[in-house]
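There are 2 protein chains.
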Amino acid sequence: MNVAIIVFDKFTDVDLWLMWDLLNRVRLENWQVRILGDKDSHVSATGISISMHGKIEEANRADAVLFVSGQGTREKMRDENWLKRFNLNPEKQFIGSICSGSLILAALGLLKGKTATTYPTSKIALEGFGVEVVEKPIVVNGNVATAGGCLALQYLCGWTIENLVGQDWRELVLKSVQPVGEGLFFKDVENLIKLYATPTKAKTV
Amino acid sequence: MNVAIIVFDKFTDVDLWLMWDLLNRVRLENWQVRILGDKDSHVSATGISISMHGKIEEANRADAVLFVSGQGTREKMRDENWLKRFNLNPEKQFIGSICSGSLILAALGLLKGKTATTYPTSKIALEGFGVEVVEKPIVVNGNVATAGGCLALQYLCGWTIENLVGQDWRELVLKSVQPVGEGLFFKDVENLIKLYATPTKAKTV
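From first to last, the protein sequence lines are chains A and B.
Per the numbering used here, residue 21 is the first one in the first sequence, and the count goes up by one each step.
Per the numbering used here, residue 21 is the first one in the second sequence, and the count goes up by one each step.
Just chain A, same shape as in the assembly (with noise of 0.2 Å):
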């Protein structure tokens, strides 16, 4: 199971680690999560630059493919080079966005006669591709989802995870970043010992 994160620069920091991080708390062998650009790194909205994994071109390959939210997808989802590299099958792969990611979603068609939710500032935009925009936290669309408000990745990554390794893994990988006393208890510490018991299988950049 390989799940592409398509990164640009300018984009939201959080978007980025959460997707990362939570997507990396699967702990199973053929399990591996790569962070794609068009560049050997990328540089975030607040300046910090991350080396890649690969180029985008590998997402086609991708059991998942992910978009990252921020100001530069103002910039790619009018890149029609950039763009025309993706070769997406919503019908073999999942595929979804958070926040202003959407907009890049509708830019390579896959929100055509659609609903789908994306960040406040950016709905606009998004009607913009003749989408209809809903305020939900997460829409979905057969393979296709779209969420909004950098929390919703928790719903986006568990949809994600929830499809390619099931309902156990989603939970487990939730319950692990809930606020102690608040969805994660002290009792939960054997399941939690279990789940780190696995090395991460993210190769280092």
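These are calculated hints, taken from the structure and not from any lab test.
Certain hints may be false.
Think about it this way: if two alpha-carbon atoms lie no more than 30 Å apart in a straight line, the pair counts; the simulated DSS-like pairs of lysine-lysine are [stated by the list, open to error]:
id	chain 1	residue 1	chain 2	residue 2
1	B	K134	A	K195
2	A	K59	B	K59
3	A	K30	B	K30
4	A	K195	B	K195
5	B	K132	A	K30
6	A	K207	B	K132
7	B	K30	A	K207
8	B	K207	A	K30
9	B	K214	A	K156
With chain A fixed as given, assemble chain B onto it according to the hints.
Coordinates of chain B only, in the frame set by chain A:
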């Protein structure tokens, strides 16, 4: 206002980045957040290498000092040479931790005779320092706060922001990351535009 985030090898990715992203949503001219370590760069639990803004001694002059979590805390809580580089003052500084970062606060003598919270897998180790561990997302004693469970970073960063720049910034920052339809709404767009109008003061690393 300077906020220092203390990092070490094998830190939990989301604990740094959710903290960093939330704190950088405060867009005031005199607000700065810096990531500090004892090397030029540190590697996360999943193998992500990140450059530091400066060395840990800077924390001794910061208005707030926040410790991240991760496997690395087990080594650092016993590293006398590292611990003695800190000269923190809970009378003058706000000092906090997320998850197992509480082990470092305890090792620094900041939790003596106090209650605290931590991640479930760190409860026994924290009790080993004579700390009474309670099952709450955040425990505040004077200027020292401990938070448990990654998403309790909302409480820890909210506490930090409120103490340094007031309740309005706390509310605006925390609202900006909530799931759409569950705390963040399309009608909030004007406030979000105001929030993002000022460029972040984050320094490129």
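Here is how each hint holds up against the structure:
1. B:K134 <-> A:K195: holds (27 Å)
2. A:K59 <-> B:K59: Holds, at roughly 26 Å.
3. A:K30 <-> B:K30: Roughly 26 Å separates the two Cα atoms, so the pair holds.
4. A:K195 <-> B:K195: Given pair K195 of chain A, K195 of chain B holds - Cα atoms ~22 Å apart, limit 30 Å.
5. B:K132 <-> A:K30: Not satisfied, since the Cα-Cα distance of roughly 43 Å exceeds 30 Å.
6. A:K207 <-> B:K132: Judged against 30 Å, a Cα distance of about 25 Å means the pair holds.
7. B:K30 <-> A:K207: holds (25 Å)
8. B:K207 <-> A:K30: holds (25 Å)
9. B:K214 <-> A:K156: It holds: about 23 Å lies between the C-alpha atoms, which stays within 30 Å.
Violated hint for the displayed structure: number 5, the only one.
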